[in-house]
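Asks: Sequence:
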Amino acid sequence: MPFTWGQSAESSTTNRTAAMEYLKGILGTPAGQAYHDCASTRNMLSCQLPGTGYNLKGSTDIAICTSAAVESNIPATGLHVLFEVKETKAAFSTFQLAAELLAAHVWTAHLQPIAVMTDLMDGWCLMWAAAEKELKIYTSRDRAEAVGILRAFLDKDVLSADSTHIVHQQQDAAASGGGAAGTEAEAGGLLKRRRLQMGAGSGAGADVANLNDLLDFGGDLGLGEADLHQLRSRMQLEALLELAAPVFRAAAVGGS
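Letter by letter, the sequence shown follows residues 5 to 260 in the numbering used here.
The set of hints was computed from the structure by calculation and includes no laboratory data. Incorrect hints may appear among the rest.
[Said to hold, decoys possible] Pair by pair, the computed Cβ-Cβ distance ranges are: (1) Ala35 to Gln11: 35 to 41 Å; (2) Arg46 to Ala72: 17 to 23 Å; (3) Ser12 to Ser71: 27 to 33 Å; (4) Pro54 to Ala94: 29 to 35 Å; (5) Lys28 to Gly62: 20 to 26 Å; (6) Ala13 to Ala35: 30 to 36 Å; (7) Gln11 to Arg46: 21 to 27 Å; (8) Gln52 to Thr8: 35 to 41 Å; (9) Ala113 to Gly62: 16 to 22 Å; (10) Thr56 to Thr8: 38 to 44 Å; (11) Ser15 to Leu60: 15 to 21 Å; (12) Phe99 to Gln11: 27 to 33 Å; (13) Ser12 to Ile78: 28 to 34 Å.
[Said to hold, decoys possible] Straight-line Cα separation of at most 35 Å, DSBU-like style, residue types lysine-lysine; simulated pairs: (14) Lys28 to Lys93; (15) Lys90 to Lys61; (16) Lys90 to Lys28; (17) Lys93 to Lys61; (18) Lys28 to Lys61.
Every residue gets a Cβ at the ideal spot worked out from N, C-alpha and C, and that includes glycine.
Produce the complete structure using the sequences and hints provided.
Replies: Listed below in structure tokens is the structure:
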């Protein structure tokens, strides 16, 4: 079932609680992990980026963390997935998502957390750190596909540097009668998608994400080429910080 936004503000307790319950319903709760409503920890991701002199302040909307971290009331030490929920795709910001992901890695680098910006309908932007000084981003306009990808990530527990491959369901899965709903019901089940796309309004420039740097399929996980979809979008952290520096400076001046 598609998510339905309430009449209250996007960040209202009603909408946020409904969003978290919706995510639990479509993704499930992996063993040893728990969902955390980040409204009570508005500075959860606040940190200093090592070696940059920049401080990041803020949080995210919803997070999947280790159960131990949530029970100990220190969720930032057990981050697996961050969810930034937006009512419209027009509000999506690649820079915001990247900043949250960087902060999450300062807190929980050993778990290789991933970050997701979504309207909980047909807009899903997934971002993760693939290697040193490299972020990868995948934008899906299909809810069933995004759910399958996230379930695959959660099943792997962590997303490592060599996990830029997305295992695909056979093309006849939809024809078997399951359709999109059936695909969502299978852990890791994905619909076929061949291109990495980023909206023109995302705020990311060519220096940050080179969307021409893509490979169609690869077999270095031991699976057939038809079962793999390798997506590469190089995002240098130095370039991100350099491009974001004017924004940081403006925020510092405005807040002084």
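Asks: Each hint should be assessed against the structure and marked as holding or not.
Replies: So, going through the hints one by one against the coordinates:
1. Ala35 to Gln11: 35 to 41 Å: Given a distance of about 36 Å, which is inside 35 to 41 Å, the answer is holds.
2. Arg46 to Ala72: 17 to 23 Å: holds (22 Å)
3. Ser12 to Ser71: 27 to 33 Å: This hint holds: roughly 30 Å between Cβ atoms.
4. Pro54 to Ala94: 29 to 35 Å: holds (33 Å)
5. Lys28 to Gly62: 20 to 26 Å: Given a distance of about 24 Å, which is inside 20 to 26 Å, the answer is holds.
6. Ala13 to Ala35: 30 to 36 Å: Roughly 34 Å apart at Cβ, these two residues keep to the hinted range, so it holds.
7. Gln11 to Arg46: 21 to 27 Å: Given range 21 to 27 Å: holds, Cβ gap about 24 Å.
8. Gln52 to Thr8: 35 to 41 Å: holds (40 Å)
9. Ala113 to Gly62: 16 to 22 Å: Given about 19 Å between the Cβ atoms, the range holds.
10. Thr56 to Thr8: 38 to 44 Å: Since the Cβ atoms of Thr56 and Thr8 sit about 41 Å apart, the hinted range of 38 to 44 Å holds.
11. Ser15 to Leu60: 15 to 21 Å: holds (19 Å)
12. Phe99 to Gln11: 27 to 33 Å: holds (29 Å)
13. Ser12 to Ile78: 28 to 34 Å: holds (30 Å)
14. Lys28 to Lys93: holds (21 Å)
15. Lys90 to Lys61: Measuring from Cα to Cα gives roughly 19 Å; hence the hint holds.
16. Lys90 to Lys28: Judged against 35 Å, a Cα distance of about 17 Å means the pair holds.
17. Lys93 to Lys61: Satisfied, since the Cα-Cα distance of roughly 23 Å is no more than 35 Å.
18. Lys28 to Lys61: holds (27 Å)
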